[in-house]
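**Q** Below are the chains, spelled out letter by letter.
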Amino acid sequence: MPDPATTDYDETVGRADYDDTVVIVRVFNEAPVVAGVLRELLAVGLRVIAVDDGSTDASADEIDAAGAFRVSHPINIGAGGALQTGIEAALRFTQAKFIACFDADGQHRLVDLIGMIHTIRQGYDVVIGSRFLQGDPDMGRLRRMMLKLGARLTRRGGSFRLTDAHNGLRIFTRAVAGDIKLNHAGMAYASELEEVLTRPRYRVTEFPVQIVYTDYSLAKGQPLLNSVNILSDIVAHRVSARRRR
Amino acid sequence: MIIQLLLIPAVILAVVLSLRSRQSLRGQARRKIFAAITVVAGVVAVTFPDLLQVIADWVGVTRGVDLMLYALVLIIIYLIGSTSVRFREQDARLVQLTRELALAEAEPHRAELEVRPVPPPEAQAASPQG
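So the sequence lines, in the order shown, correspond to chains A and B. For the first sequence, counting from 1, position 154 maps to 154 in this note's numbering; every step adds exactly one. For the second sequence, counting from 1, position 67 maps to 67 in this note's numbering; every step adds exactly one.
It is possible that some hints are incorrect.
Said to hold, decoys possible - Reference listing, derived: stretches of chain A covered by chain B, where coverage requires no fewer than 3 residues with Cβ under 8 angstroms from a Cβ of chain B:
no., region
1, 59-71
2, 79-85
3, 194-208
Worth flagging that the hints you see were computed from the coordinates, not collected in a lab. This structure is a prediction, so every number in the text was calculated from the model and none was measured. From the three backbone atoms N, C-alpha and C, an ideal C-beta is built for every residue, glycine too.
Chain A with its partners taken away, still in its complex shape (with noise of 0.2 angstroms):
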């Protein structure tokens, strides 16, 4: 697998102080590839929780190996529910003033997170990344009308329009996070999210990033189908929403 820390660096990847921020890594049977991904963010200075969701493989040693601060399910409870025992655990036990996303497989670029890192800087609540900002994205056409579509159906009145939907990699302050509470512990998460993060009251922006599709992600990533899977829960999400209101 290329090290996208060692072949991509430039001067944004400088050996800055990254004290302000701590990165949420959810794991999920990555066995093979999590200890690579937390070395490359503990190199630079960032801090690190990992959030091991009920792995069944060797996933929780190699976190141990990697030097990351780990929060271990005892069961698996879904993308979701690690994320926002992430989220929980940042709160707690740091007092990091940005909290950023990063996925354990190796499709996110750590360019692209010190990108992400130095623009919420500049005074933003919420950054996500975009793989439709910059260029064609190297994907199959069906997936990028599913994003699409999924990103319309989240758009709504007065909150900020993404171009993207369900890109893993985000980074919000502090207050955002107090303000997130995740009752999807599924993939269904990530619209629920995104409700949250669009907020019309947050400065919102989008930043380009380039997904980095490797075998392993690939064979490991949602397949297509899974987005009808996504699409209804969304669907459900929004009728019990009107409901609690």
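Got chain A; can you put chain B on it based on the hints?
**A** Only chain B this time, still in chain A's reference frame:
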């Protein structure tokens, strides 16, 4: 047909009520009343078998058995809805429990999070304050 006027709202009501059935006191009371009615209705239906047919004729259903089938379908719809809601509530509690457990277990190690990891040698050379 009276039965159509009865069944259509009944189906909608069954779905709505089932999805709303949380652990409110009102919901619990409603279920108990429902259980009591079921017992009474069962006893009455067994004691006076013709009564079901009378009611069926009155609402425009051919047979009393069909009427009971309709009632059964409604109850099943309600059950499926309320069970799924209860499962979801249970799931949410399980998620919370798991999270608290994980955080409680991680808490003693929180100092690790404050310690800055040692950067690689070339980086240390670049920034003397480390």
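**Q** A separate judgement is required for each hint: does it hold in the structure or not?
**A** For each hint, the structure was consulted:
no.	hint	verdict
1	59-71	holds (count 4)
2	79-85	holds (count 3)
3	194-208	violated (count 0)
In terms of the numbered hints stated before, the structure departs from hint 3 and from no other.
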